[in-house]
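Asker: Use these hints to put chain R onto chain V, whose structure you have.
One line per chain: the protein sequences are V and R, in this order.
For what it's worth, the numbering used here labels the leading residue of the first sequence as 1, then goes sequentially.
For what it's worth, the numbering used here labels the leading residue of the second sequence as 1001, then goes sequentially.
Heads up, some of the hints might be wrong.
[To be verified] Partial list, computed: chain R residues near chain V (C-beta under 8 Å):
| id | residue |
| --- | --- |
| 1 | Tyr1008 |
| 2 | Phe1010 |
| 3 | Pro1014 |
| 4 | Val1056 |
| 5 | Phe1067 |
| 6 | Ile1070 |
| 7 | Val1077 |
| 8 | Gly1080 |
| 9 | Met1083 |
| 10 | Leu1088 |
| 11 | Ala1239 |
| 12 | Lys1271 |
| 13 | Arg1276 |
| 14 | Glu1280 |
| 15 | Ala1287 |
| 16 | Phe1288 |
[Stated by the list, open to error] Restricting the straight-line Cα-Cα distance to at most 27 Å, the calculated cross-link-like pairs of lysine-lysine (DSSO-like) are:
| id | chain 1 | residue 1 | chain 2 | residue 2 |
| --- | --- | --- | --- | --- |
| 17 | V | Lys549 | V | Lys512 |
| 18 | R | Lys1011 | V | Lys243 |
| 19 | R | Lys1011 | R | Lys1131 |
| 20 | V | Lys448 | V | Lys381 |
| 21 | V | Lys243 | V | Lys381 |
| 22 | V | Lys243 | R | Lys1273 |
It should be emphasised that the hints constitute simulated quantities derived from the structure, not laboratory data.
Just so it is clear, CB atoms sit at the ideal spot from N, CA and C, and this is done for glycine as well.
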Amino acid sequence: MQMRDFVVRFAGEGGQGVVTSAEGLAQASTQVGYHALTYATFPSQILGGPTWTQARISVDPILSAGDDVDVLVAFNREAYDTHREDVRDGGLVIYNSNDFQLDGDDRSYGLPIDELARTTGNNRAANMVIMGALAHLVNMPQTYLEEFVEARFRRGRANDDEIIDSNNLALKLGRDETSQSGFVLGDLTPPEMPEYPQVMLKGNEAISLGALAAGLDFYVGYPISPATTILVFMERNLVGEGKFAYQVSSEIESITALLGGGYAGKKAMTATAGPGFSLMSEGLGLGWMAEIPLVVVDVQRGGPATGLPTKTEQSDLLACMFPAHGDVKLPVIAVGTVEECFFGAVKALNWAERYQGPVILMTEMALAERVQNIHRPDLSKVQPERRMIYDGNNGYNRYQGNEISPMPLPGGPGAYVANGSEHDEMGDTTHLPSRHVQMTERRFGKLKLLEENEYEAENTNEPVAVMPWGGSKGPALEAFNQLQEQGVSVGWYYTMLLSPLPPKLLEELRQKELVIVPELNYQGQFSGILRSQGVNAVSITQYTGLPFKVRDLVKRITEMNNSHRKEMVRA
Amino acid sequence: MSKKNPEYDFKWCPGCGDFGVRRAIEFAMINRLEETGQPMENNVVVAGIGCSGNLVHLLEGQQPYGFHGIHGRTLPVAMGVKMARPELNVVVVAGDGDFLSIGGEHIGPQAARNLNICAVIMDNGVYGLTKGQSSPTTQLGTVTSSTPYGKIEAEADPLELYLTLGATYIASGFSGQPRELAKLINQGMDHEGFAMVHVQSPCTTYNDTYELMKGNARKGIEPLMYDIPEEHDVSDKGAAYNLIHQRGLPVGVIYKDETRPSLQQRLEDIKAKAPRRSVEDLMDSFAF
Chain V
1 MQMRDFVVRF
11 AGEGGQGVVT
21 SAEGLAQAST
31 QVGYHALTYA
41 TFPSQILGGP
51 TWTQARISVD
61 PILSAGDDVD
71 VLVAFNREAY
81 DTHREDVRDG
91 GLVIYNSNDF
101 QLDGDDRSYG
111 LPIDELARTT
121 GNNRAANMVI
131 MGALAHLVNM
141 PQTYLEEFVE
151 ARFRRGRAND
161 DEIIDSNNLA
171 LKLGRDETSQ
181 SGFVLGDLTP
191 PEMPEYPQVM
201 LKGNEAISLG
211 ALAAGLDFYV
221 GYPISPATTI
231 LVFMERNLVG
241 EGKFAYQVSS
251 EIESITALLG
261 GGYAGKKAMT
271 ATAGPGFSLM
281 SEGLGLGWMA
291 EIPLVVVDVQ
301 RGGPATGLPT
311 KTEQSDLLAC
321 MFPAHGDVKL
331 PVIAVGTVEE
341 CFFGAVKALN
351 WAERYQGPVI
361 LMTEMALAER
371 VQNIHRPDLS
381 KVQPERRMIY
391 DGNNGYNRYQ
401 GNEISPMPLP
411 GGPGAYVANG
421 SEHDEMGDTT
431 HLPSRHVQMT
441 ERRFGKLKLL
451 EENEYEAENT
461 NEPVAVMPWG
471 GSKGPALEAF
481 NQLQEQGVSV
491 GWYYTMLLSP
501 LPPKLLEELR
511 QKELVIVPEL
521 NYQGQFSGIL
531 RSQGVNAVSI
541 TQYTGLPFKV
551 RDLVKRITEM
561 NNSHRKEMVR
571 A
Chain R
1001 MSKKNPEYDF
1011 KWCPGCGDFG
1021 VRRAIEFAMI
1031 NRLEETGQPM
1041 ENNVVVAGIG
1051 CSGNLVHLLE
1061 GQQPYGFHGI
1071 HGRTLPVAMG
1081 VKMARPELNV
1091 VVVAGDGDFL
1101 SIGGEHIGPQ
1111 AARNLNICAV
1121 IMDNGVYGLT
1131 KGQSSPTTQL
1141 GTVTSSTPYG
1151 KIEAEADPLE
1161 LYLTLGATYI
1171 ASGFSGQPRE
1181 LAKLINQGMD
1191 HEGFAMVHVQ
1201 SPCTTYNDTY
1211 ELMKGNARKG
1221 IEPLMYDIPE
1231 EHDVSDKGAA
1241 YNLIHQRGLP
1251 VGVIYKDETR
1261 PSLQQRLEDI
1271 KAKAPRRSVE
1281 DLMDSFAF
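So that you can see chain V by itself, here it is in the shape it has in the complex:
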């Protein structure tokens, strides 16, 4: 049987190599031209705890982690018990027979992973034993994996050969053992190496690189899952003349230090998750009020409070759009793919500079930890924007006029007070009603500068359309493609610019009879926002801490589409 697509789930205890196995498989496969995408979920503890990671390997570009598991690699009994039901009919279980024995499951076989690794003389080759086994199951040529081993372990060390040999031996042992089991799944179609240059990135790495490409100068942050990896990246890489990356003592310090940095002229950013974002509320209001450019990345996890720190959810949208008390509406960009993580970060920093205020970049746990091969972003096409800076001219006042105005920077001409109280054009506190009216309108008016018509649209003549946001894009797009194949006609819209929405998109959406919004929260937050803007939007919600399954979306979109059409006929 030919397979274009192959889904493996690795499940076990934290520290057993669950994540490294999945990422290793993804890397090995992309190396020879396949596409790969991983989905990871972690226990919220340092060592141990049940954990699993899924890798999907495909001949075609991948949109989601895959509904059905072809192979489950169970490192322990608990993992087997928990995940067995997700293995598709005709799928297989490889269990670590050094850890437990299994009877009565005729779609399983034991692989003595640790023992085989030990016989290679390299205990760390356990991953390779598994990869060898998987390669046999889908009839992947041994050379593919050997190429990967060579690329990964040839580092110019004295013992390179020894390490490479032991890994190749591990591959062979896994393969031989599996061949003796008699199981095969099919033949994975040979890959077609994409003609464009590629990089293999996690979502948070893509955000970090995008921010650097956009000219980030200043990063402060406080550790919080799943945003910490951005802080770690910046501490390591945001160094050099005029650059600053630093771990501060709380998210209140993060946002207020960011305000200081942005005020002093730097492109400033932090990343956090729900609880930290809540602590930034007052500071974000100050950024809006005093007109200070900065970017806050919210890597969403399950909430509220401590919630589900290591699970995925899209439940911070309302908090991100309206993060502070008073009349505030912050620009929000929500990314949906690893590639968008890069370009979304560029856009967020550019927006902050352009409208001189805080911008929220939303991403989510599943995307932050997702490893994916993407088209290498072309840095020469990134166009960093810089705020209008006041360069001297007597009598200028910072908050002059009803529109955006040049920003004086400390050390240069135009000294003023950046003020969080309502202020006049010099930045001095005022309580005049007419001034509050003017300044409020000035602040909201600047959002016009961010109206861009960047969005995806397909089947625009259909009265019913699907419009996901953020990380639900992948499964929703896969569902949309399946619906197309099944002859179900619905439209498709998507943008990462959630606020302000592209004006033309909004116009189109208002013409629709029904806009279906798949989103991972209970309240249907985005559809509520759309309804408030005159769009007849209804959500498909899910709040399990897990991403959507494509199958569920296909079913629910079909149902909603059908019942809508019936109603229209009755009417």
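Answerer: Below, chain R without anything else, positioned relative to chain V:
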């Protein structure tokens, strides 16, 4: 603001200590300008919320940059400004409520970092702008609007707190002596590290401590304030501790540690060793 601004309607009460602190900060910035030749625009005054924070709008003459943000967060804002632009002279002005109560969590980390800024704390022992509630430095047992039967907690000892947390310059001053206070502030600005100038700045409406500070011979009241004797060794932490715990309020430089590098210096030293990689180069490390 350099000229009268008709829209700005805030006023300190007659006799408010903050007038003297404002004068002292103006003196200090002018002194610095003359000493260093840097423009006034190289000074950034980061103000807290409360009567004292309004100082940033009330400065007369040549104008520095100002930041009037949110309650309690002067220190991290100041850190942002300073670490973004180390060449700027960053001064914090905040009251005892702003700095020691809601903002108290920020003192320890900045002291540990030895952030190179100068904080001028205007202590009037009361929340003035909200009309007279008890603050961290209000004396135990004092009746205020929020402590109708007397204040329940012991009063904070800010000087001891700064010393314990590791501030590397600690001075104590009085708003009634702006020239002398300016000198303490100037030393704080010149100090390469976390400088605290704690100022008694009485509130004539809710907590008038002028008589207590200066004494009144006719009433037989001994002054609480006294000048720190010349023989006091400012580099001796133990001596500083003893000074703080003597009866009365010492005025002058209490402690100074010039051996600890500032946050800026440490970062420069540490990050000088870090590899500097271009974005293209970083991207390469993810290519395959």
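Asker: Are any of the numbered hints broken by this structure? If so, which, sorted upward?
Answerer: Checked against the structure, the hints that fail are numbers 3, 11, 18, while the rest are satisfied.
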